[in-house]
Amino acid sequence: MMERLREWWSFQKRRFWGTLRSIQLPDLLRFEFWWHLLTFPFHWLYENWKTGQRFRHLLFGLPAILFSVLAGMMLGNAGLQGHNAAGTYWTEAESALASQQYQKAELLLTRILRDQSAFQNKARFALAELYSDTGQVDRAESLFEILAPDASEGYSEAHRRLAIILADQISPESSSEDKRRLLWHLDAARDADSPEMALAWARYSLANRDLLTARKQLLKAVDRFPDVYQTLAEIEVRLRNPTPAREYYEKAADHLQKQLERSPENYRARVDYANVLMKLGRLDDAYVILEAGRAINPEENWSSLQASLAVYLHDVLKADGATIVELLEPLGRALECDPNHPSALNRLMSYARTGSGNNEQLRRILERAISQGNEPALAHLALGNLSWLEGDRETASFHFELAVSIRKDMAIVLNNLAWLISHDDPPDLPRALAFVESALEQAPGRPEFLDTRGTIYMKMGNNKKAIIDLEAALPQMPDREKPDILNRLAEIYEALKMHEIADGFRDQAKKLLGR
Amino acid sequence: MQNEKMSTDVQKRPQWIVAAVVAAHAAFLISMAIWLWSREHYQFFPLVLMGSGLLAWLRLADTKWNHAPVLTVRVVGLGMLSVAVFAVAVWFNSNWIGSIGAIISLWTAIRYVGGPAIARRLRGPVAFLFLAIPLPLNLDLTLVIELQKLATRLASNMLDDRRIWHTVSGVAITTLDRNFMVEEACSGVHSLFSCVTAVAFFCVFQRYGLFRSLLVLLFSMGWVVLANVFRVFLVVYANAAWQQNLDTGWRHDLLGIGTYVGALICSLSTAQLLEFFVPVVWGKLSDSPTGKGKPGDQYYGGENDPTVRQKIRQFLDRPRLDEAGSGRIVNGTLALCMLPLCVLSLYQLLPSASAGTGGAAFQTSVLESVTESSTPAKYGQWKRTAVDKVERSADDPLGTNSVVYTYEGNGMLAQFSVDGYYGEWHDLAYCYTALDWKLNEARNVTLDGNHGTVLDLYKESGENAVSWFSCFDGQHTSVEPPDPSGSTLRTLLNRFRQEQSSQSITPPVYQCQLMVASEGELLPHELDQAKELFVELTRAAVSDMRKGVK
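Residue numbers (the numbering used here), protein chains in the order written: chain A, 1 to 515; chain B, 516 to 1065.
Just chain A, with the same shape it has in the complex (with noise of 0.2 Å):
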């Protein structure tokens, strides 16, 4: 029995391998196959190098060899490199730019434009602002438009430099258009934070007389541009801060301070130094340093600032109630510096048009500045032209030339003043007449003086004599003045239905503003 067991054991077992044997999967599951298929090439290469094979196959092959190697490595390398070849130029672009090699970085900026890769709207900005460097406008301005559209979105670095040259340029004068033009760009450029595009804000809300969100944005820039303390000053002081203001101007007038210590020769530091100087009250000092600009840099208009220094000292003291006489130093002062500075002529001329009870007291407070020797030249001018307000001709005419004749430069004033009151609305001619007839007095045949009584004379209707004036000033004036007086001869003679010799000057008149 058991013997039968292990027999029939026995058989299962054979038969079972035995049919395991048996079994043969398909040619692709077989390992054989692929390996066959595998080493082919090498079996086929190997037969047929044992059968037809010759030696000097191979030795003339070798050329072959070697620079298909050869040109492999060099075109593979060249190529991996030309996957990132505008990275690689993009950089070398930013390295000429920073060392102002521009041929060069145009030369890579271009390039990477060309390829149309990667970098293409970073190429482009920098080739802009390359082009605006080199002096290439109308290009620059071509890609700037591209990249900082009004109608879509951009570049927002393009946006962003749009919207800072946008904003220098906005004020609330500024038409609708030109602000909704400026937002844009401000809500493209997507940066909000750096102190730029804060100020670039802040001009944008002053524009829009926001104070509120200008105060917000500029707080943020002020550190960055301390410039804009005096801007805060003002807002401050619009807001009716005036403990606030007043910190922003002294931080102000640190910092400008210290650039003009840095730069004296910062025309424009000065001026707002002595601008902020003179807001905090410190009007010494601000004449001091519009002195020390008048040594450094005497071709600046440095007269006109010192006589709007005087102008507003003598508002601050009439807003404290000083007296006529305490009135007149600082005008005086201001005509001394600038005898046509119009707010100086103006509130002279705001003393003298006074017709009303007050007169006489003003008389009295006049005639006392002449007796103490304050300032008598404006003193006798402000009651010359009292008198002459009251009728007396005889009394203002005297006045006038002991004014003239106590200051040299007050022929000039009288001109300046004639001509304002001759264009004041509505004129008064003979009062301004009398002005600078008496500035001719003391000066015969100047020409501006002839000009302007010419100018008075004539819309006074006196052709005649207003012809002999213009035509007597006219060949002594410098070109620049020359079409005026042309024009008005010209309007003249048309008025006399001369008509040859009105187009005669008004061809000389265009002549001269061609050139």
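Accuracy of the hints is not assured; some may be wrong.
Straight-line Cα separation of at most 25 Å, SDA-like style, residue types lysine to any residue; simulated pairs [claimed, not checked]: (1) A/Lys104 with B/Asn760; (2) A/Lys104 with B/Leu1042; (3) B/Lys898 with A/Arg181.
One-sided excerpt, in silico: chain A residues whose CB lies under 7 Å from chain B [stated by the list, open to error]: (4) Leu58; (5) Phe60; (6) Ala64; (7) Phe67; (8) Asn77; (9) Ala85; (10) Lys104; (11) Leu108; (12) Thr110; (13) Arg139; (14) Ile146.
Examples of chain A residues lying across from chain B (beta carbon under 10 Å, computed) [to be verified]: (15) His57; (16) Gly61; (17) Leu62; (18) Leu80; (19) Arg111; (20) Gln116; (21) Gln136.
These are calculated hints, taken from the structure and not from any lab test. These numbers were taken from a predicted model, which means no experiment stands behind them. Glycine included, C-beta positions come from ideal geometry on N, C-alpha and C.
Once you've looked at the hints, dock chain B against the given chain A.
Below, chain B alone, put in the same frame as chain A:
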């Protein structure tokens, strides 16, 4: 003696038939020869003819011509094909088809008079003749341009690898100091065709099979391209890195010769290497140079057990008629088919009396319809700065009249003109090539719903220009342009198209074009701006033309 006379007659007869069928195509062959000679990169074609002759002479050196010319199925089939091709060539007046027909006719004649044995020997030399046929459909011009671009591109990659900063514009490489034009010579066009010819000669001489020959030729083209990439790279690199000028004078010539020789050596070396890995196996026949039989012979079966291929061969080459009957049919075919076609082809050589395309004398003038204010004075950033009216002679290809508007803006100077009148669509590319501009690329586009063509031009000096133009007929409908640039086959296609479209074009035809030139290639945004200007100005000009043309 009679046998000797017969064999002499047999030897004399083949010459006149072969010569006759080739001579029948003389009109096309001569015109083709003139055309080939006018193209610098095809001026090697006499060498092809000489090479073919030399190979044929070598192959036939010890051959006995003892085949009686008889008609077989193969010969009849080839004969019909050659007559058909000849007829098509005459119908379309195509030199290209005529030249191919001449080769087919030559092969047919060889097959007829020489039999399979001679034909097998002369297969290579006859196939070699195809190298003298230019590529069809303007592929050679496309190849020229593509090779120039390829050489430029690969050389540019290598220059980038060596950190030689440069830009690539079309076929020009500009470095910081200089502008290098990748001329046709540098791009390897000349060396490609001549190198391919030399390698093909080698293949035919070595009696390589078709597949091996094609493979070797393919490799040789690759070597030529590589050699010229290296040449372009070296010219620019030598100037930038070593301040040496290799683009002019004897150095340039030496470099050219060196790269050509190098390409040739590498091509032949590749053939040898291929032979090392895959040796040429010769069969039983003793036609090979080494006397070991020709390739493929091992596929032939024995006489008692022919393969399918051999059965087909036997069918095709079995004589169907006797020699006399075959001779009559062949003579009849020559007289009735070849001769009239030959006469027709010669007749078509006579100068044509048809009107030319330049400057038809029309009663009205473009100047009457288009004025100074026909285009806007300002468009975007563009501003019109000048308007000029030009009058030319009636046969001037530029057109009898033109009104030229000059615009400045976006840092560019553009000239827009309305030119006319023409009898049909006017290909501006020819005019510009006559003015020393070279054509980089021409492509047809649709602008504002109108057919148009864009020309990419350059000069030797490195100046680049882009020109957009559209033609409008008397109905102010834009005229569809044919495929850009020209070839003999294009002339055929144009003529065919002209017959079809002559009903749809109403003369006179006028042209609106805009050209912008610059020192370097225009940037993409500048191209867009100029294109916009062209569209706008064309719209304005056509609108005025509508009012003016009667």
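Evaluated hints:
1. A/Lys104 with B/Asn760: 21 Å, holds
2. A/Lys104 with B/Leu1042: 23 Å, holds
3. B/Lys898 with A/Arg181: Between B/Lys898 and A/Arg181 the Cα gap is close to 24 Å, so the pair holds against 25 Å.
4. Leu58: Given a least distance of 5 Å, the restraint on A/Leu58 holds.
5. Phe60: 4 Å, holds
6. Ala64: 4 Å, holds
7. Phe67: 5 Å, holds
8. Asn77: 6 Å, holds
9. Ala85: This hint holds: A/Ala85 lies near chain B, its Cβ roughly 5 Å from the closest one there, short of 7 Å.
10. Lys104: 6 Å, holds
11. Leu108: OK, holds: A/Leu108 within 7 Å of chain B, min 6 Å.
12. Thr110: Hint on A/Thr110: holds, closest Cβ of chain B at ~5 Å, below 7 Å.
13. Arg139: Because about 3 Å separates A/Arg139 from the closest Cβ in chain B, which is inside the 7 Å limit, the hint holds.
14. Ile146: 5 Å, holds
15. His57: Cβ of A/His57 sits 4 Å from chain B, so the hint holds.
16. Gly61: Check passed: Cβ of A/Gly61 comes within 3 Å of chain B, closer than 10 Å.
17. Leu62: Interface hint status for A/Leu62: holds (7 Å vs cutoff 10 Å).
18. Leu80: 8 Å, holds
19. Arg111: For A/Arg111, the interface hint holds, since the closest Cβ of chain B sits about 4 Å away, which is under 10 Å.
20. Gln116: 7 Å, holds
21. Gln136: 6 Å, holds
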